[in-house]
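Protein chains: 2
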Amino acid sequence: MAKAPVLTPRADDFPRWYQDLINKAELADNGPVRGTMVIRPYGYALWERMQEEMGARIKAAGAQNAYFPLFIPQSYLTREAEHVEGFAPELAVVTHGGGKELDEPVVVRPTSETIINESFSKWVQSYRDLPLLINQWANVVRWEMRPRVFLRTTEFLWQEGHTAHATYEDARDYAAHIHQAVYADFMVNVLGIDVVLGRKTPRERFAGAINTLTLEGMMGDGKALQLGTSHELGTNFAKAFNTRYLSKDGKQELVWQTSWGTSTRMVGGLIMSHGDDNGLRVPPRLAAVQVVVMAIKGDEAVVKVREIGDRLRAAGLRVEVDVRTDTPFGRRAVDWELKGVPVRVEVGPRDLEAGTAMLARRIPGGKEPVRIDTLAALLPGLLEEDQATLLRQSRERRESRTADVTTIAEAAEAASAGGWARIPWAVLGQEGEAKLAEQSVSVRCLLAADGSVPPADDSPGAVAIVGRAY
Amino acid sequence: MAKAPVLTPRADDFPRWYQDLINKAELADNGPVRGTMVIRPYGYALWERMQEEMGARIKAAGAQNAYFPLFIPQSYLTREAEHVEGFAPELAVVTHGGGKELDEPVVVRPTSETIINESFSKWVQSYRDLPLLINQWANVVRWEMRPRVFLRTTEFLWQEGHTAHATYEDARDYAAHIHQAVYADFMVNVLGIDVVLGRKTPRERFAGAINTLTLEGMMGDGKALQLGTSHELGTNFAKAFNTRYLSKDGKQELVWQTSWGTSTRMVGGLIMSHGDDNGLRVPPRLAAVQVVVMAIKGDEAVVKVREIGDRLRAAGLRVEVDVRTDTPFGRRAVDWELKGVPVRVEVGPRDLEAGTAMLARRIPGGKEPVRIDTLAALLPGLLEEDQATLLRQSRERRESRTADVTTIAEAAEAASAGGWARIPWAVLGQEGEAKLAEQSVSVRCLLAADGSVPPADDSPGAVAIVGRAY
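From first to last, the protein sequence lines are chains V and Z.
At position 332 of the first sequence (counting the first as 1) the number is 321 in this note's numbering, and the numbers step up by one without a gap.
At position 248 of the second sequence (counting the first as 1) the number is 237 in this note's numbering, and the numbers step up by one without a gap.
For reference, chain V alone in the conformation it holds in the complex (with noise of 0.2 Å):
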């Protein structure tokens, strides 16, 4: 079968390619008002999938679900001069309420550190109220003046984590276990990312943190995608809101915190690290639809495709029936193919007599025959082997396209040629991040010698990842 062009290549125009992909694959559209998106079922399906994923992983780290108010008074963000200041350019005012100009305008939450501290000054009394660890999934709005699907949008739905604790060394220790066993946990195992993990320069940083951890993939053009970050937050917050305990021996100490948060903007770097110029390939563990099962004419076989997609369910699959045979076959399969679901098994009359079907892998490539009671058996490792094949290509090309540099203009020079560099920090410093920020250049992040999160902005030996990015 040939092929039409049905996305413009990734080599002729990535942003172009990113966009023909999200609408042709039916993952969302944009929304009326400038910046907004609307997440259609595909493209919804895959994110709660990344929901339940990391809800099981943030369960596991202790973390309870809640909601907090959308909407947050104004004078909340200016109580921590760094948040407002980081904040204030992206804010969504609402200033009229019932048909009224309200007394105080309220902020839509672009983030809710300040709305959730008002409530844990209430809630933390005693040191045994500590650590109080909450999650919260929710939509968030950040006034976008370049907006993109998925990746920046003035709304974008997210999980965002905020903890208190008795010290210092406690808040460290759960902002980096979110940052690896709930984030890079997930984003390489589920997702297929092969993410950097470090720690932010502060100029990077959160406004308000007093460390910042990052996860930062490459995507398929060479430029970084910040997938997830994790903050230390000291006691700024604590300060301001007043959030304190007292300890158990009588003395009342303000609370250490920590916030971490990851969005839609998961669903951008999935479709920017793995998408090929025939569409999305999404890793088998996150699909919703791991197999297809397609019926290619014929009433017998939609009744075998129904059968087969029932004992694959049995098996343990997330498996769809196409059974559309109204709608021509290469039209369905360039359309499952754009979704990236990693196998379809397309049956026909010939297939029925011979007891066999098509697999065709998304991931690999290709097709070929197959028994049809081998199906079962057979998919979980291959599904498996898909998994691992995203994983490695994620990894060979970060790999790949990271330069080890010595000098500032180098290091520029590797990020406009579409790649990373990597180069130590005692020699760029604060300056030369300047200096790259000129071209449009920012440090990733910072690693420590050995390839770890570095402790201090200052650890010796630490090495910055540079990069354009999204």
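Treat each hint with caution, since some may be false.
Identical chains blur together in the list; that is why a pair holds if it fits in one copy or across any two.
[Unchecked claim] SDA-like cross-link-like pairs, simulated, lysine to any residue; straight-line CA separation at most 25 Å:
#, residue 1, residue 2
1, Lys48, Asn128
2, Lys356, Ala49
3, Lys212, Ala229
4, Lys356, Asn267
5, Lys48, Thr314
6, Lys237, Asp288
7, Lys48, Gly298
8, Lys212, Asp92
9, Lys89, Ser64
10, Lys237, Asp324
11, Lys48, Ala127
12, Lys111, Glu93
13, Lys48, Arg38
I should point out that these hints are in silico values taken from the structure, not numbers from a laboratory.
Model, not experiment: these values are computed from the prediction.
Place chain Z on chain V using the hints.
Just chain Z now, with coordinates in the frame of chain V:
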């Protein structure tokens, strides 16, 4: 153990009891912006269980989840005349974004018919695209003048279903299917509330609908709570947004639509249906925590309750283990009672020797010793008994507090006395309905003579259910 009066008794002051319970059971707090609420972890876990149970039923009804923007251009709402009239007084309006005044103000969604129709008008092209069955879990905002936590809040969480069909009949049947197979099934069999399923009068209909089906529950004070609605929208929004499809005959036809919603208000209904003077009573099928296994004191008891917890979890129960032995046992027991956990298993040093535990049941009340090794076999049956008890009590209340009357004065009297009245719709009529409204009494719904949902506003023999309502 003599009990301190932890809550205002219901008989003294029902609204105060409701608020006390919400505070003491740690379900929710008021948010800083008037009418908003903070849903605390235990309250949010109830909502998550509702989402889980409802979500499975919505999926079984064929609807897919998606997500539409929070912000709607103000002009969209005005396109359907009745709809905007219904919602205009309650809108929150964003006038500033990104530090600038907006060219066109945007409203925060009070419901999503308009913005979803904007998408539907693009997605629906041919009869092959129908029925289009979409559900969204989201927050919505309606500015509330007299807020009350969970019942009427400026922001609340809900699901809203939106569907498009080729024919009137198909839309009508789908709205009825949701009413029955999703909403009633959940409310009766999981929430344990013996809801009445009926049809709204034209006066009480959703703004923009041609028919509204409702589920009404009687609360502990005899007032009604509308727990969910399913609307036939006819072609009202299809006309306003020009949502048309190419029929098999090659003609452009308007789609027929439905919308349907349930919200965090159900948490309020749960409290007011099943709560008693000692706190909440959560139906076991809903409960996020069905069983709490408590260590009274001592390290051995802590080890033992963890072991029991694991065994009960393995038996498929939702279990929490309470090993906070540094907090007085009595206080913890009162706390779990307030939270309405159906079963407490209490293990102290003496029980360990005997191989027994105290089993305290929240719903029938009472405590008795049981052999620890029988718990896993015993509890599922007890929980099902408790589930049935709550539903029976809900039904008995409704039956005993509903009066058959033949005059408008009697109907008003029954409502004032804290109950409902059943009155022939031919006797009451729209004029009588308006008269009752002056006394804050409303027609909750119309029933057909045989108790089913009447097919039309003027179905002969229809009966009106009348009462005060939240």
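Hint-by-hint comparison with the structure:
no. : hint            : in the structure
1   : Lys48 - Asn128  : both (20 Å within a copy, 23 Å between copies)
2   : Lys356 - Ala49  : neither (40 Å within a copy, 33 Å between copies)
3   : Lys212 - Ala229 : neither (37 Å within a copy, 44 Å between copies)
4   : Lys356 - Asn267 : within (15 Å within a copy, 65 Å between copies)
5   : Lys48 - Thr314  : between (43 Å within a copy, 23 Å between copies)
6   : Lys237 - Asp288 : between (73 Å within a copy, 21 Å between copies)
7   : Lys48 - Gly298  : between (32 Å within a copy, 17 Å between copies)
8   : Lys212 - Asp92  : neither (45 Å within a copy, 34 Å between copies)
9   : Lys89 - Ser64   : both (20 Å within a copy, 18 Å between copies)
10  : Lys237 - Asp324 : between (62 Å within a copy, 23 Å between copies)
11  : Lys48 - Ala127  : both (16 Å within a copy, 22 Å between copies)
12  : Lys111 - Glu93  : within (23 Å within a copy, 39 Å between copies)
13  : Lys48 - Arg38   : both (15 Å within a copy, 15 Å between copies)
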